[in-house]
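> Need the complex rebuilt from these two chains, each delivered in its own frame; the hints are there to steer you.
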Amino acid sequence: MADRVLSMLVSALLTLALNATATAAGTQDLQPIIRYESPYHPVVGTRGMVVSQKALASQVGAEILAQGGNAVDAAVAVGFALAVVLPRAGNLGGGGFMLVHLAETGETVALDFRERAPAGATRTMFLDADGNIDQDRYRFSHRAAGVPGSVAGLLLALSRYGTLPRGVVLAPAITLAEKGFELDYDIASAMAARRELLSRTPASRALFFHPDGTMLRAGERWQQPDLAQTLRRIAAAGRDGFYKGTVARLIAEDMAANDGLITEADLAAYEVATRPVTRGRYLGYDVHTMPPPSSGGVHLVQMLNILSHFPLADMGPRTAARYHTLAEAMKLAYADRSVHLGDPDYYAVPERWLTSNRYAAALAQRIDPQRATPAADIAPGTPPAPDSEDTTHYSVMDAQGNAVATTYTLNFSFGNGVVVPGAGFLLNNEMADFSAKPGEPDPFGLIGGTANAVEPGKRPLSAMTPTILLRDGRPVLVTGSPGGSRIITTVLQHILNVAAHGMNPAEANHAPRIHHQWQPDLLYHEPGLSPETRAKLEAFGHTLQLRTSMGSVQAIAWDGERFYGTADPRRPGALAVPVMHAGGTP
Amino acid sequence: MIERRPLRPWPFTAFAVLLFMTACTGRAPETPPPAGEQPATTAIVQYDKIHHPQLAQRGIVVSQNARASQIGQAILARGGNATDAAIATAFALAVTLPRAGNLGGSGFYLGYERSRGSITALDFRSAAPAAFDPESFRDADGIIDRARFRFGPISAGVPGTVAGLHEAWQRHGQLPWAELVAPAEQLAREGIPVSADLAFALNAANGLLRQYPSSTAAYLNDGQPYRLGERLQQPALAEALRLIGAEGSATLYGGTLGQRLVAAVQRDGGVLQLSDLTRYRVRERDTLSTRYRDHEVFSMPPVSGGGATLLQMLNILSHFELGTLPRGGAEHLHLLAEVMKQGAASRRSGLGDPDFAELQLQERLSPGAAQRWSRLIRRDRARAVSKVQPLLPPLPESRDTTHLSVVDSDGNAVALTYTLGYSFGSGYVAGDTGILLDNQMLNFYYDEPTHANAFAPGKRMMSTMSPTIVLDPQGQLFLVTGTPGGSRIVNAVLQILVNAIDYGLDIASATQAPRIHQNWQAAPSGDAPWQPPALQVERTLSRDVRKALEALGHRVETTQTIGSTQSIMVRGGHLEGAADTRRPDARAAGY
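So the protein lines, in turn, are chains A and B. According to my numbering, the residues represented by the first sequence are 1 to 586, in order. According to my numbering, the residues represented by the second sequence are 1 to 591, in order.
With the rest of the complex left out, here is chain B (with noise of 0.2 Å):
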């Protein structure tokens, strides 16, 4: 059921990048604050900044939940991998951060092999279910209705995820796969706290939950919102856990697991048939690569238009010498919000699953186009987002998705990023299985049959999901990243590397400084006019940058937090994790 590929570190595209690229300004990192009177001895740990690291000498995982971690960094303790650890802490996540950690959705699995010195791509993503007709959702004015297959069984991709994990531990792992399922069943059996965030997330998606009985079980304690500090037992999930822990992804993709998965979605009135599942494959793709200031940059290639964005706004930078500019003020922040523009707005255009289209990634990655790019960015002045590029419709993303990165004590890393589209995906649970759906059907564009993303049966959806990892000048492993939050994945990402590549800083200042986030169009509402997007920042920018920013041209508004950052950045011998706070849960555990 996996197709190989031969496996092809260095692409084309990246290469003729590599190649061509222009000389780039050095990295100019900030005036280190002066030492207190007693400066330490070993500068491991200095009083001079707000946030530090978590530090480790050997391996480290960092994960969106505390527990997950946990149990990822015991695999490694235990000698497991950095593949190893990412797959436990992948199962691990399916029970403890149910609105996004998952076996029913997709992903993306980037692996750094330090023997090889390669990077494996994985595309795990969702694929369109063979009988889903999008002509039946077709309403009277002739518009396909988004909003009638936006959540239950219809809305459902063909799940990747357990395959995807399973095709990993093949190539890549070491520990016995039951032993990497299992923390992940003994948690679902055993039940795990309620914290904060996971009421929170419960409760918000109670509406949603309590339409279907099997999600009704599985979610609601009782009819009632699960509260702070209940426990949450998922008998189900365990079940499906043990089949997968023993059977491996057979289970799900044809076996005991799939022919129960199918039978429950048919009877709820979904399309996916047993077939599908047979079918889907896990795609090894070839890694999207450029140099940035002498770092390689690796991310994920189509069916993510994340990576080739991030890629692109990375060439388009480099020809500005933004370490230059004081570090969270309007001048670096103007010049990151125009190039966000261009990105976002490619990122719309010709990009879609590589099996089914043909894809201008050459030409999008080409240093003249970031040449071109970069000529149209004027620094006294933000430019108009309707002058930027033709509009498209947008897509509904959600910022629901999480992200993982590992590093073991042999320098190997993953960076894995999954989702189930929306917060609890379809809100559908499978019948008896526990295995909640995705909703990635709603990521195709269904009334522009030309475009590369549109729909076609047993096709990936678009996605933005950006696993990344980065080496430093002399080839060694830097840093491994990624985040959800949708179209904020790629600017997020962006602004993590800037931090760390620009500036110097490490990576637990580089996580919580302050995002932006400029997006190239607004979601419609109703019959209002079209209204540019503005410039998005957190709340934690100040409002002295914010004017500057304004007098720049831009329309500022304050929004919720951006992405949810899980980085590990190498540094002087050592492993230093950053969990974002911008969710509760998250952490980074390292031995």
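If we strip away everything but chain A, and leave its shape as in the complex, we get (with noise of 0.2 Å):
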């Protein structure tokens, strides 16, 4: 009984005010935050939260918002400590979105610091003799680094719209650099498992092993001596710390000496885009995402969409009639993903009627409650290739309601392999992200068009998916993923439980994830579907196949006082850290 007065009492107290209001589509409202009915529960703050895939990189955030920064400094500080403490994806070598909506105008901008093909770059430069894809080069060559965005990309949002100085916000980093920090299972996981990668390279033996030749351990202090080097050089010169001078020569004689493309001028001419933010509408959210080179933003829309036409609340959210909507809804958007997408720069792509109402309720037509449409009957298409998971988000907001969500990446877990030797840091292999072969299938198994051939200064095709879901023109939902082709399904069916289905924004990370990207013709699934969910799904014509875990969204919830972070459990590590008025974080 006492419970039962407990729960009635904070029902009162606590309501969240990112209510869904009752639509056709049948939704629910949310539930309160800290309600004994869901098994999990939000981190909450009152001044602010940062969520990232690492602990100590969301401390760093938490501190520069209590210093106060605002949500952009701590996001920049957050971007450079990631590239310290988590090195198969954190990066300066790399590249990546950040959303930032701005609480004082309202309005949200997407920075694109995706990485661009260097000018040497040509359509057929991972063929080999005989017209075949050499998958090494293609994957872990100095040739399958693209020109790296990512420290473009942070100081350019911290002038814009930080702060505070430069040096302040790269402090933290350079300090985790130089003083090391300890190494946790997951991290020395993650090395060990590309041992052979990581030793292909004295610069990378010297940073990933012992002079023993072992490799670290967890437990162990790592400290990055170098990297603390470069990171100093863009604390005192800015993007020319990185993009010229000494930094910019290391790169280019690596490449020069290991047949990689990228020249001191490639370097030189990078550019961050800003560009429009893609939007759509859902039970009376706003979203705002990434839009193309991202194929993440697009599609995400273009499923919400179809969705809308379906009552997923009444289905409940973990039965087979709710997670058969989905896949269907998700390969008619896979479908389409093959064809339709590129840089926009290089290629028109068809934006709006993808992300149009009229061609979504064409699609929902399409959809048949009992019984899943083949991958064949969508549209032709070719069998698959593995899959990669290695990106990372974080999601950053503070008090005044600034929000921003950020996913950055090397690609492939620590990229392709190659430390710049005296600079310190990984670099990416994104030129897999182009088409090698358009009408081939890329490492993810997606199928890319000519929209997405390799050409000199192009930005290759992410799936990378930062998301804002506003309502009333304030943030609601800051949210976003890794997990190569399935960031996108993965940061929908985040969406999908908090709006749709009224689960508070840790529930919501908590609950098991599907994946079907059309081709192949396979619905993944992670552990947790109930053995009844799996036989219903086979009956309406499913192949399933378990998967490991889908994704890791680091998101914040937001009601206008409150801020709700979830760090996504499937990544050890991860940590949601508040900021309290009081100074100083529990």
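The hints are simulated quantities; they were obtained by calculation from the structure and are not laboratory data. Incorrect hints may appear among the rest.
[Claimed, not checked] Heads up, simulated DSS-like pairs for lysine-lysine below, C-alpha to C-alpha not over 27 Å straight-line:
(1) B:Lys387 to A:Lys536
(2) B:Lys387 to B:Lys547
(3) B:Lys49 to A:Lys437
[As the list claims (entries may be wrong)] Pulled a few chain B residues facing chain A out of the computed Cβ check, cut under 8 Å:
(4) His51
(5) His52
(6) Gln57
(7) Glu190
(8) Pro193
(9) Tyr226
(10) Gly229
(11) Gln233
(12) Val271
(13) Ser275
(14) Gly328
(15) Gln371
(16) Ile377
(17) Asp380
(18) Ala534
(19) Thr561
For glycine and all other residues, C-beta sits at the position ideal for the given N, C-alpha and C.
What follows is the structure, encoded as structure tokens:
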């Protein structure tokens, strides 16, 4: 009885302001945040929140907020800190996307600091003499690296929207690299899994191995003096500290010596693109998300549009009916993705048509509630290739209601495995995101059309989907995830769990996920789908496959007063760190 | 003040079960998912599942509060053993988790000593004060009106926690006693930031706490509920902890602190006397154990009704090849629900304080009984609850207890569950002592004088708390677990064991799996006709499974979450901790 009183009291006290109003699609009100109905609870803060895939980086961001920095200051500090503490995905030598929502103007802008193809890149650069893709060159060579964009992107965000000096936001990352930090099981395991890749060059061996040839282990303190030096150069000289001078020379020399393409001129010419966000609406929420060259935002909106024709809430969140409906929408969107997307600076992406309600309504008509449509009936296609997971997303909000969603990456775990000698950071293998041979599947099993063929200066197609949901112009959910081609469906499910199923952001994060990417015609699922649900899905005609866990969502909800952070349990070490009004973080 | 009994780690009852139990099916883990294309050479962290345990190499503490877990971990890192860490964590929880962590409540300690291979069970359950007179609460209809001693000083039993922790330290402790109490004293004195969960709990109990000036002073902020992020300082509690640190438990059981506590209780209408405190004894009990699929499961004997019920259910389950049923599906959960019905029915009858009543434990835990019960279970249909056993009136059982688990670098383990009864117990802080008292007097039967759990002065009231330790088939420490949850305790622990042993899950996944709870009797609500209790499920259970359970004849009802298990599994040379996400702030802290 005491419990019942407790829960009644609390439902009265803590009604979350981001209540969805009921719509024809049959949504329900969101639940108050702290109730013992749900097994999962977000972390609560009063003055802001930082959620990233590594606790140390989240703490760096929270300290910047506590010092009076805004969300952009904190996000830039977290971006540099993750380059130190999450070496498999956090980076200086990669690229990514940042969505910034500014409370004062109400606008949301997308910064595109995706890597660009070097000037010397050609459409056939990854084909061998027989015209076949040279997989090793495509993925793990110096040639696989695009011109890095992260440093330019973070610094542009800081100078345009930040308030703190560059030296202040870079200081924590410099300290972490110089003084070192204790390796956890998660990082040590990730390193061990890429042992062969990371032992290919002397600089990589020096960074990840002891002098006696053994690899770094969990519990050891890891210092990265070269990386600290590079960070110091950036602190001192800004983007020129990376794109010109010593660091640029070190990159170019290593490229020249190893059949790579990036030159000092490529680096000096790198530009961040500022793009208008892709917009959508779902159950009364405004969706602000990443435009091309991310395919993520467009297809996220497309799937939300299709799904708004189905009563997901009535179906229930963990049911075969609901998973089936999602899988069918995913197939339709991923079939389109294979044809239509690429760098908008090089290809006219039919974004408006893909995200239109009219097109979604037509697609929704094609979904049979009881039967899985064979992928081949949607469009012709070819079979898959393996999958990669390693990108990272982090979310930041400050007390003013500014919000930042950043997803950035080296592409594969530890990128191409090449550490720049003397500069201490890994390079990406983002060139593997171009179609090496248009019409054939890329390493993620996705089929890229000519829109995503290699061209000098072009940005490869990406699935990264940093997203902000707003209600009445105010950000209520900041979210995003790594996961290669599964990013879009991961973000989709986090949003659906909150918006359609009324889960708190943490429960929405813990719920089992599925993924269907049209080709191969398989319904991937995480452990946690009930036996009855699996049997029903099979009866609908799906071929199920249990896969590794999907994504790593780092998200924040805001009710105008309190911040609710959720770190994904799928990757150990992630943490939501709140900022409290009393100053200091509990 | 401590009564010692000879240590008998293999009590006859358990031994009999061990000898005669029929062969069991082996473990049938789930087919592992295909590894990624880059399989980790060290398989410690793999991304093949949603939830991961907290890994540790040397020692780990898992409790319902992160700060308390860290304090326990620091004690381990300083060279303390599992008992030292458990004590320090328990004292810290009295500060950081005041709704359940306590000095004025009671509980059970289960300790595994690796060098001797033995398990010790300490019973520091509350006892009825000598002067408690139930007759004074008999109403005009001749019924004892429990509402009159539900809260306040009158509802409190003789507290056992401080005596229990001190006894555990005297037997197994390594570090100086004062060092184990000091971190809690410091927290109480300097204050703790109020978390969302603590603010929520204090808010919910606001009406109760403001009835007593001493409680108002302790847990309200100038008369207002504490808010998230504010600092809660507990100077009176700090002073009590200082005395306990300096003088040991003697200060409460007859010394300065006890005299002040008794004076306050008597002034405020309670019946506790100094002699209740001086007479209070920690009891060492013979641990209960049974063999389940080649694992040795140890749990708390009466006055806990939990351990006996847990072992009884395991004995029944061992007649079924549970691991072959798809995990989390209706067949699996149906079987558990049927076993839970039997367990819950039996738990009501024949259990109580063994110092006051003859308990039929041997029969209850015999292989023959398990086999008889197993034959009553039908795989294709839910049994009507009314057919399970004759009815007995229910006792109110609170979910607000708390459990902690510790393993140290020598492989010793402690499972400790303790409670105030309801959330914040009696709601009554004893004067200026800062000590919240429990409301355990509700947990006796008053209208069934022959029942094993019928009230008697000095007697301990039955409890469901079930701290549990499991050894693997090689006799090595495998699992340390326990949970709050009133009647849900046994069923939550059962599901941890089944997930870990029958399905081979890691401890995080075993903890996160949706839980069910089948009680055997619903609380009567006024004059409403009696309703057989529904099969309670957590909201994370798929509706698809729910429908299948309904087709088997279960009435299914979504409830609040079930339990808050704090567990440690020893696997592959690592310690793996899992704090239950069902309550915020819980954390595993290892090193």
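> Next, verify each hint and record whether it holds.
So, going through the hints one by one against the coordinates:
1. B:Lys387 to A:Lys536: violated (34 Å)
2. B:Lys387 to B:Lys547: holds (23 Å)
3. B:Lys49 to A:Lys437: violated (34 Å)
4. His51: holds (5 Å)
5. His52: Interface hint status for B:His52: holds (5 Å vs cutoff 8 Å).
6. Gln57: holds (7 Å)
7. Glu190: Hint violated; B:Glu190 Cβ to chain A Cβ min 13 Å, cut 8 Å.
8. Pro193: With Cβ-Cβ at 4 Å, under 8 Å, it holds.
9. Tyr226: violated (12 Å)
10. Gly229: At about 4 Å, which falls below the 8 Å cut-off, the nearest Cβ of chain A leaves the hint on B:Gly229 intact, so it holds.
11. Gln233: violated (13 Å)
12. Val271: violated (23 Å)
13. Ser275: violated (31 Å)
14. Gly328: holds (5 Å)
15. Gln371: violated (28 Å)
16. Ile377: violated (20 Å)
17. Asp380: At about 16 Å, which exceeds the 8 Å cut-off, the nearest Cβ of chain A leaves the hint on B:Asp380 violated.
18. Ala534: violated (15 Å)
19. Thr561: holds (5 Å)
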